[in-house]
Amino acid sequence: MKLLTVSTLLCAMVSLGTAAARRAKVASNGTEPLIPAGEHHVAKRAASCPSGWTQYGNRCFLYNNHQMTWSQAQRICQTINANLASVHSYEEYQFIRGVISSATHESGLTWIGGSDAQQEGYWFWMDGTRFTFTQWCQGEPNNHRGNEHCLLVNFSGSKCWNDGTCDSRFPFICVRVI
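With mature numbering (1 follows the signal peptide of the UniProt record, and there is no 0) applied, the sequence shown covers -19 to -1, 1 to 159.
The set of hints was computed from the structure by calculation and includes no laboratory data. Among the hints, erroneous ones may be present.
Computed list of lysine to aspartate or glutamate pairs in EDC-like fashion (alpha-carbon distance at most 16 Å, straight line) [claimed, not checked]:
#: 1; residue 1: K140; residue 2: D97
#: 2; residue 1: K140; residue 2: E121
#: 3; residue 1: K140; residue 2: E73
#: 4; residue 1: K140; residue 2: E101
Use the sequences and the hints to build the structure in full.
This is the structure in structure tokens:
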């Protein structure tokens, strides 16, 4: 039985080797692309944002000027394979403020994807990334009247962050990874 198993494996190895040699020979005659046996090649498209979106790093941002509640805005973002925007650095925050300013020629209040609605004081991003950068205004987040759980940008003259009432209606920024 061992002899039969070894013989079968040997035949399989010879057959595979012969097939690879034939493929290489055909490829060298110009009838197939020349790809060495055993190698896999994947063509990659250049990563870019869809029309209307603005790229920052490996992410695309889209400003939407429709006035929505925070949860409505998140649902709209999800319909386009995105989430309300997360922010991970001061530079990225300035970029997002620039997207808003370019679209509106002002710096109006805008929803992004931060929330502490699940547990007061524990902020998270809707896209699941870590909440490692903040730009809170002085005294914020304050959960004013016990009802502020959603993140607004461009608050006050400092253009910093505020925890707002999630049922308020504001424009919003969506983000998706390229």
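#### Entry: Distance restraint between K140 and E73, which requires alpha-carbon spacing of 16 Å or less
holds (14 Å)
### Task
With a cut-off of 16 Å on the C-alpha distance, tell me whether K140 and D97 pass.
violated (20 Å)
### Message
Against the 16 Å threshold, does the CA-CA distance of K140 and E101 hold or violate the hint?
### Response
violated (23 Å)
### Message
Hinted pair, alpha-carbon criterion (16 Å max): K140, E121. Please report holds or violated.
### Response
holds (13 Å)
Taken one by one, the earlier hints fail for this structure at numbers 1, 4, listed in ascending order.
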